[in-house]
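Colleague: Make a model of the complete structure from these sequences and hints.
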Amino acid sequence: MESKNILIVLMVLTVLVNFVNYIDEDDSKTIQKIDVLKKRLADEKLLLQSKTTQGVIDNRKFFFDSKEDNNRLLGAFQNEINAMALKSGFKITNTTWGEPTTNEALKLTTIPLKINATSTPHYFAQFLEAIQSMDKIVKVDTLTMGKSRNEISYQLYLYGYKRVTSDQN
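Position one of the sequence shown corresponds to residue 1 (this note's numbering), numbered consecutively onward.
Certain hints may be false.
Said to hold, decoys possible - Mimicking EDC-like on lysine to aspartate or glutamate, the simulated pairs with C-alpha atoms at most 16 Å apart in a straight line are:
no.	residue 1	residue 2
1	K38	D135
2	K39	D135
3	K39	E129
4	K114	D135
Derived from the structure by calculation, the hints contain no laboratory data. Predicted model, so just to flag it, every value in this text is computed and none were measured.
Modeller: Laid out in structure tokens, this is it:
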């Protein structure tokens with residue numbers, strides 16, 4: 001009976017040693033990821049709390065200025081994205097503005113931006129992380145990638161949002 005118990009304990013230890021992932025030695029990365037997730041969770045809780053009875057998000061910091069002209073907003077959006085790309089090492093080769101469209105039900109105007117760029121995957125990941133940590137809501141809608149000699153070419157469609165006010169209708 002005792003040998004049976006020892007055999008079971010050895011099997012359990014073998015499974016634990018071979019199949020359970022150990023905690024990474026570099027805890028600073030894990031702590032940094034937790035901090036980013038905590039910030040995102042706090043932002044999402046704030047979003048949830050600021051919903052009106054109609055189910056519409058009504059927090060101005062997440063949207064571009066509703067009083068600004070759409071063309072000025074497209075320029076500001078492009079400048080903000082270019083600054084993030086420059087900071088992260090992502091090389092934007094071409095930017096095209098799309099036609100802003102308004103969704104009357106959500107009372108939002110979408111501000112589309114098409115980006116062509118080349119970069120290594122490392123810099124692209126830094127660029128996406130910078131977009132995700134923006135104060136404004138930015139949607140990465142479509143991503144197309146192609147391989148060139150030393151780098152990967154990217155085509156992204158980004159959407160920013162502007163609140164529609166009653167005097168704009």
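Colleague: Can you list which hints this structure breaks, lowest number first?
Modeller: Of the numbered hints given earlier, the structure breaks just one, which is hint 4.
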